[in-house]
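*Asks:* Residue strings, one per chain:
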Amino acid sequence: MFAYTIKRLLTLIPTLVAASILVFLFIHLIPGDPAAILLGDSATPEDIVALSKELGLDRPLWQQYLLWFRNVLSGNLGNSLFFNTPVLTVIADGAETSILLALLTMSWIVLLGIPIGILSASFKGSWIDQITSGFAMLFASIPTFWLGLYLILIFAVGLGWFPSSGFPSLSDEGGLSNIRYLILPSLTLAAPNAALIIRLIRSSMLDVSREDHVRTARAKGLHPAKVAVKHVFRNALIAVAAAFGFTFAALISEAVVTETVFSLPGIGRLVVQSILRRDYPVIQGVILIIVLLYLFVNLLVDLAYAWLDPRVSLS
Amino acid sequence: MRVLISPLRFILEALRGRKLATIGALWLLLIIVLGIGAPLVAPFDPLEIDPIARLSEPGAPYLFGTDHFGRDTFSRAVYGARMALIIGFGSVVVALLCGGLIGMLSGYFTGLGHILMRVVDVLMAFPALLLALGLMTILERSVMNTIIVIGTVYATTTARILFGMTLKLKNDVFIDAARCTGAGHFSILFKHILPNLLSPILVQATFIFAFAQLQAAALDFLGLGLPPETPSWGNMLAEERIYITRAPWLLIYPGVLIILSVFSMNLLGDALRDRIDPRFKDDIAGV
Chain A
59 MFAYTIKRLL
69 TLIPTLVAAS
79 ILVFLFIHLI
89 PGDPAAILLG
99 DSATPEDIVA
109 LSKELGLDRP
119 LWQQYLLWFR
129 NVLSGNLGNS
139 LFFNTPVLTV
149 IADGAETSIL
159 LALLTMSWIV
169 LLGIPIGILS
179 ASFKGSWIDQ
189 ITSGFAMLFA
199 SIPTFWLGLY
209 LILIFAVGLG
219 WFPSSGFPSL
229 SDEGGLSNIR
239 YLILPSLTLA
249 APNAALIIRL
259 IRSSMLDVSR
269 EDHVRTARAK
279 GLHPAKVAVK
289 HVFRNALIAV
299 AAAFGFTFAA
309 LISEAVVTET
319 VFSLPGIGRL
329 VVQSILRRDY
339 PVIQGVILII
349 VLLYLFVNLL
359 VDLAYAWLDP
369 RVSLS
Chain B
1466 MRVLISPLRF
1476 ILEALRGRKL
1486 ATIGALWLLL
1496 IIVLGIGAPL
1506 VAPFDPLEID
1516 PIARLSEPGA
1526 PYLFGTDHFG
1536 RDTFSRAVYG
1546 ARMALIIGFG
1556 SVVVALLCGG
1566 LIGMLSGYFT
1576 GLGHILMRVV
1586 DVLMAFPALL
1596 LALGLMTILE
1606 RSVMNTIIVI
1616 GTVYATTTAR
1626 ILFGMTLKLK
1636 NDVFIDAARC
1646 TGAGHFSILF
1656 KHILPNLLSP
1666 ILVQATFIFA
1676 FAQLQAAALD
1686 FLGLGLPPET
1696 PSWGNMLAEE
1706 RIYITRAPWL
1716 LIYPGVLIIL
1726 SVFSMNLLGD
1736 ALRDRIDPRF
1746 KDDIAGV
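Protein chains in written order, with our numbering: chain A, 59 to 373; chain B, 1466 to 1752.
Think of the hints as simulated: they come from the structure by calculation, not from any bench. Incorrect hints may appear among the rest.
[Unchecked claim] Going by beta-carbon spacing under 8 Å, a handful of chain A positions derived as facing chain B:
| hint | residue |
| --- | --- |
| 1 | ALA76 |
| 2 | ILE176 |
| 3 | LEU207 |
[What the hints assert, rightly or not] Far from chain B, some chain A residues (derived; all Cβ distances over 10 Å):
| hint | residue |
| --- | --- |
| 4 | PHE60 |
| 5 | LEU68 |
| 6 | THR73 |
| 7 | ILE106 |
| 8 | GLY114 |
| 9 | ASP116 |
| 10 | LEU245 |
| 11 | THR274 |
| 12 | GLY279 |
| 13 | ILE296 |
| 14 | THR318 |
[To be verified] Calculated pairs, DSS-like style, for lysine-lysine (alpha carbon to alpha carbon, straight line, at most 30 Å):
| hint | chain 1 | residue 1 | chain 2 | residue 2 |
| --- | --- | --- | --- | --- |
| 15 | B | LYS1633 | A | LYS65 |
| 16 | A | LYS65 | A | LYS182 |
| 17 | B | LYS1484 | A | LYS182 |
| 18 | B | LYS1656 | A | LYS65 |
| 19 | B | LYS1635 | B | LYS1656 |
| 20 | A | LYS278 | A | LYS288 |
| 21 | A | LYS288 | A | LYS182 |
Every residue gets a Cβ at the ideal spot worked out from N, C-alpha and C, and that includes glycine.
Input sequences plus hints: build the corresponding full structure.
*Replies:* Written out as structure tokens, the structure is:
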């Protein structure tokens, strides 16, 4: 396991470097002088010359990359054109909302997805299975923002149970009860992802239930529910653990849309607004941080996978 | 099972005994007919503005009512079907051509494959919509660019899948046999390996088509997809969202059209997947 962890960490390095090169090149792919792009419309020619010097734009591209990379390592991602503050501060401002939203969404996915998935697989072919499978696929086919808009219309505008938009920080007035602002967004975000997990648990449990050790467990007279949870689900969990990597990616993508629908001050909406404002340093910074996070999550998923199934680290 | 059958027969066989998937396939057929025959079906020009009839309720002469410009929602929905087909098929073609070629070449020439698949790995480190958003920042809003962006995003997964499949097929006896008869690399790849991959590629295509609809709608909604005047289901939702309380039907029609189409495509993809060679089943991740 230790050797596998080291090996996995080492293979991460080239991907990390290549991904950072792509993110670095992003500014250069936009037509125009990178220094002018980074400084925005209000920049004076002197500013542009000064920044060109700082970024080393007169030097070869690989030297510019190394310079940029050194800045990134020291936490300097440049300044936001719109806020005139460091990019890292702007991103950190959105972190609370996005992290809370992600945690709440993950809880819905686990609370709803896992039991329904087990239920669906345990009663394979019955009406329970047909209804849950049908609904799971239906929810995976609904555009996130459409679901969000109608949840707002019904539960916020119509019934008035939840606020329709925004999110004051938990440290603001209202404290912990401010979490109610995130109920509808997290449900919106959870719906398609819980649907995916339901389908995945169902299919991997059906695969596992055909194996010999499950037949043995049944043959020795174990209670069907015990077989389902202890023998089948435990093994099916391996496939589910692997899927959490791409669930996370889907979550990030859909968070961009969900945060926009509910006007949440998170990182997802920051991306969209920065694109519309042409605030390139922020776009670059957010992309870099999300990619790092995503690679880190995938690493954790792979390690969890190897831990759950020792065959992986031995091969 | 290495039986080559025509795509149409493959679809019909997959649909046998699956009522819901058959209904889905019929719905998609209807969308295709509507999309192709849009100028004949639509009673009004989708861009024509009737200022007096703004936000009018569904009824005659505006079957689905009108939007806040006074444009006929039914006609826009019909032209939206055409746009859905263009985006869907376009993305599938881009994803299959780029991703398929990269995947097959990588699986066949493993030396080259190691390098190419690392590049694919790096691109896959960017979550789908984020990659699309990043690309749309650089590119202009247009139908072509939307197709290129969505196609590129799914080219990575397609490459990964076809890489694995080609790797599995390459060591089969029938490939050895072909090599013994003096077949060159080109002939082995496209005459012997590709025909065996057609069914899984078709399955993959259905899922890409479905995903592309959702991605395109999300891009439209964020104001980073098709140009705003283009009649697409995503744009209809994006433009009319503020009228949701005054004219709820404006968001029901395009929303339901997207959901039914994506749902049908997923049902079809599921049915096809159950019908393909069991060796490839684990490779294709659908919904």
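*Asks:* It remains to establish, for every hint, whether it holds in the given structure.
*Replies:* These are the hints, each one checked on the structure:
Hint on ALA76 (chain A) holds. Least Cβ distance to chain B is approximately 4 Å, under the 8 Å limit. For ILE176 (chain A), the shortest C-beta to C-beta distance to chain B is roughly 19 Å, which exceeds 8 Å, and the interface hint is violated. Against a cut-off of 8 Å between C-beta atoms, the interface hint on LEU207 (chain A) holds, since the closest Cβ of chain B lies about 6 Å away. No beta-carbon of chain B comes within 10 Å of the beta-carbon of PHE60 (chain A); the shortest separation is about 24 Å.
Interface exclusion of LEU68 (chain A) from chain B stands, the closest Cβ pair being 14 Å apart, more than 10 Å. For THR73 (chain A), the shortest C-beta to C-beta distance to chain B comes to about 6 Å, within the 10 Å cut-off, and the non-interface label is violated. No beta-carbon of chain B is positioned within 10 Å of the beta-carbon of ILE106 (chain A); the least distance is around 21 Å. The claim that GLY114 (chain A) lies off the interface holds: its Cβ sits roughly 22 Å from the closest Cβ of chain B, which is beyond the 10 Å cut-off.
With a least beta-carbon separation of about 24 Å from chain B, ASP116 (chain A) lies farther than 10 Å from that chain, consistent with its non-interface assignment. Distance check on LEU245 (chain A): its Cβ is at least 17 Å (rounded) from any Cβ of chain B, clearing the 10 Å threshold; non-interface status holds. Under the 10 Å C-beta cut-off, the non-interface status given to THR274 (chain A) relative to chain B holds; the minimum distance is some 24 Å. Every C-beta of chain B lies more than 10 Å from that of GLY279 (chain A), the closest at about 32 Å, which supports listing it as non-interface.
For ILE296 (chain A), the non-interface assignment is confirmed: its Cβ lies about 13 Å from the closest Cβ of chain B, beyond the 10 Å cut-off. With a cut of 10 Å on Cβ distances, THR318 (chain A) falls inside the contact zone with chain B, its closest approach being about 6 Å. Straight-line distance between C-alpha atoms of LYS1633 (chain B) and LYS65 (chain A) comes to about 25 Å, which keeps the hinted pair within the 30 Å bound. About 40 Å separates the Cα atoms of LYS65 (chain A) and LYS182 (chain A), which puts this hinted pair outside 30 Å; it is violated.
Between LYS1484 (chain B) and LYS182 (chain A) the alpha-carbon distance is near 18 Å, which keeps this suggested pair within the 30 Å criterion. A C-alpha spacing of about 39 Å is found between LYS1656 (chain B) and LYS65 (chain A), which places the hinted pair above 30 Å, so the restraint is violated. In summary, the hint linking LYS1635 (chain B) to LYS1656 (chain B) is supported, as the alpha carbons are separated by about 13 Å, within the 30 Å threshold. A threshold of 30 Å between alpha carbons decides the hint, and for LYS278 (chain A) with LYS288 (chain A) the separation of about 14 Å falls inside it, so the pair holds.
Restraint check for LYS288 (chain A) and LYS182 (chain A): the C-alpha separation of about 18 Å stays at or below 30 Å, so the hint holds.
In this structure, the hints that do not hold are numbers 2, 6, 14, 16 and 18, in rising order.
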